[in-house]
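Please work from the sequences and hints to get the whole structure.
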Amino acid sequence: MKRAAALALLAALSACTTVAPYQRGYLARPDMALGADPGTTRALDKTFDAKEAARGGASVGGGGCGCN
Amino acid sequence: MRKLLLALTLLMPPAALAVAPGALAPDVKAPQLRQPGQVLALKSLRGNVVYVDFWASWCVPCRLSMPTLDTLYRKYGERGFRVVGVNKDVAGDDIDRFLNRVNVTFILLADKDDAIAKAFDVQAMPSGYLVDRKGIVRFVHHGFTELTARDLAKEIEGLLKDPA
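Protein chains in written order, with the numbering used here: chain H, 1 to 68; chain D, 1 to 164.
The hints are simulated quantities; they were obtained by calculation from the structure and are not laboratory data.
Note that CB positions come from ideal geometry on N, CA and C, so glycine has one too.
Do not rely on the hints blindly, as some may be mistaken.
As the list claims (entries may be wrong) - Calculated lysine to aspartate or glutamate pairs in the DMTMM-like style (CA-CA distance at most 25 Å, straight line):
hint	chain 1	residue 1	chain 2	residue 2
1	D	K43	D	D132
2	H	K51	D	E146
3	D	K75	D	D162
4	D	K43	D	E155
5	D	K75	D	D93
6	D	K75	D	E157
7	D	K29	D	D121
8	H	K46	D	E146
9	D	K112	H	D31
Claimed, not checked - Take a look, some chain D residues computed to stay more than 10 Å from chain H by CB distance:
hint	residue
10	P21
11	D27
12	Q32
13	S44
14	V102
Below, the structure written as structure tokens:
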């Protein structure tokens, strides 16, 4: 029981936080993309969207607008 | 143990309540972007039909919504329709660059401390809240497409028919 409480406490102390949709200005910058080469990543994403007729699941969808 | 769980629960961030149709529009005030030193209170627009739009230069659909809202404002402005664009950019240069490409004539507000976005509990960008003449939020739009523009025009026309 104490171990479970300690784990819960550790989870509560996590530094992770949710970024509100209106606070994604910095995340929308091309240099904040997860890929090492933002240009290539964008081109591949666009190809994927066109071929699969689907989008989403990327780090920040739709240029960071949080609306997709 | 119970005390520990209670403490953990209290440490969790409170869930904000999103503004939904039927709710009174939050009474917020903020400095105007293009008139430095002038503060606008949303309440001062009571008696008009007001569309509060949250936008940013990095928000892709805003490139469609902003000129569309300006067209609606020019069309219905004389009948008492107002648009309040609340900006969510982090850099002033980005705002200027965007407005040089997409010039709009309606009121623009700064929201540096996120007070307005938090008051409305904005869930997506862009988000728009159509408020009637009595200050009640009647329609909420998340995202913006050509379909939104069509619906919005009908909603505005309907609300403008209601007396103040």
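To see whether the hints hold, each was checked on the structure:
Note on K43 (chain D) and D132 (chain D): the hinted pairing holds, with a Cα-Cα distance of about 12 Å set against a maximum of 25 Å. This hinted pair checks out: K51 (chain H) and E146 (chain D) have alpha carbons roughly 24 Å apart, not beyond 25 Å. Of the supplied pair hints, the one linking K75 (chain D) and D162 (chain D) holds, its CA atoms being roughly 17 Å apart against a limit of 25 Å. Taking the CA atoms of K43 (chain D) and E155 (chain D), the gap is near 21 Å; set against the 25 Å cutoff, the hint holds.
Straight-line distance between C-alpha atoms of K75 (chain D) and D93 (chain D) comes to about 30 Å, which puts the hinted pair past the 25 Å bound. Pair hint K75 (chain D) plus E157 (chain D) holds up; C-alpha atoms about 11 Å apart against a cutoff of 25 Å. About 16 Å separates the Cα atoms of K29 (chain D) and D121 (chain D), which keeps this hinted pair within 25 Å; it holds. With a C-alpha separation of about 22 Å, the suggested pairing of K46 (chain H) with E146 (chain D) holds against the 25 Å cut-off.
Distance hint between K112 (chain D) and D31 (chain H) is fulfilled; the C-alpha atoms sit about 23 Å from each other, no more than 25 Å. Against the 10 Å criterion, P21 (chain D) stays outside the reach of chain H, whose nearest CB is about 19 Å from its own CB. The beta carbon of D27 (chain D) sits about 19 Å from the closest Cβ of chain H, which is more than 10 Å, so the claim that it is off the interface holds. At roughly 19 Å from the closest C-beta of chain H, the C-beta of Q32 (chain D) stays outside 10 Å, upholding its exclusion from the interface.
Distance check on S44 (chain D): its Cβ is at least 23 Å (rounded) from any Cβ of chain H, clearing the 10 Å threshold; non-interface status holds. Against the 10 Å criterion, V102 (chain D) stays outside the reach of chain H, whose nearest CB is about 15 Å from its own CB.
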